[in-house]
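Enquirer: Take the given structure of chain A and dock chain B to it, following the hints.
Letter by letter, the chains look like this.
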Amino acid sequence: GQNIDQPTEMTATEGAIVQINCTYQTSGFNGLFWYQQHAGEAPTFLSYNVLDGLEEKGRFSSFLSRSKGYSYLLLKELQMKDSASYLCAVSWGKLQFGAGTQVVVTP
Amino acid sequence: DAGVTQSPTHLIKTRGQQVTLRCSPISGHKSVSWYQQVLGQGPQFIFQYYEKEERGRGNFPDRFSARQFPNYSSELNVNALLLGDSALYLCASSLEWGTDSNQPQHFGDGTRLSIL
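Residue numbers (my numbering), protein chains in the order written: chain A, 4 to 110; chain B, 3 to 118.
With a straight-line Cα cutoff of 20 Å, these simulated SDA-like cross-link-like pairs (lysine to any residue) come out:
no.	chain 1	residue 1	chain 2	residue 2
1	B	32	B	73
2	A	79	A	41
3	A	60	B	104
4	B	32	A	95
5	A	60	B	108
6	A	79	A	24
7	A	79	A	48
8	A	60	A	19
9	B	32	B	104
10	A	84	A	105
11	A	60	B	105
12	A	60	B	106
13	B	15	B	86
14	A	71	A	56
15	B	32	B	98
16	A	60	A	47
17	A	60	A	77
18	B	32	B	7
19	B	32	A	48
20	A	84	B	111
21	B	15	B	81
22	B	15	B	85
23	B	32	A	47
24	A	60	A	79
Think of the hints as simulated: they come from the structure by calculation, not from any bench.
Okay, chain A solo, but in the shape it has when bound (with noise of 0.2 Å):
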């Protein structure tokens, strides 16, 4: 199979750093992306991976390691608008996404 599997939901607090994990059963994809989705909005690209390791964007930083099959998706200094649905997602052209991790952001 080619699950891809992501917590349902995590609970952070404001300022606090949250790391979602995403586990993946396939090989040979191009790349792993990451998305946010705020409810009822379209799903906004945050960060990628091709190659294993850490890539860095402002609050958010995206890990990958292909050998052990897993990335992660970081949130630093969380805001109450980060509040949304983030979705991992392997890409062969095309993306094929897990079921996305509920984080919500309490003051």
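Expert: Here is chain B on its own, set in the frame of chain A:
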């Protein structure tokens, strides 16, 4: 610059009817993909088009069809609608296509289709 635009934003149909959804990609983008998203799930790949040719198809029945026009806009058609077709239909565009492409796909706001 305008992003990916989709129309209509909302649509209500009854079982057995047919529907056409429309998408205009970001200017300069030649690849358009369609996804179906049901509540609580990630988007599921339906079709990908590049230079007016179908380049990929997901696990959807033949009731689903699509095409891409010379101006790179696209239409998704669904015939003989079923209750289970109720979902958010997302269009995404990217500069290029290819199994080795890592161009990010940019999504439109979607069409919310409700089947009664």
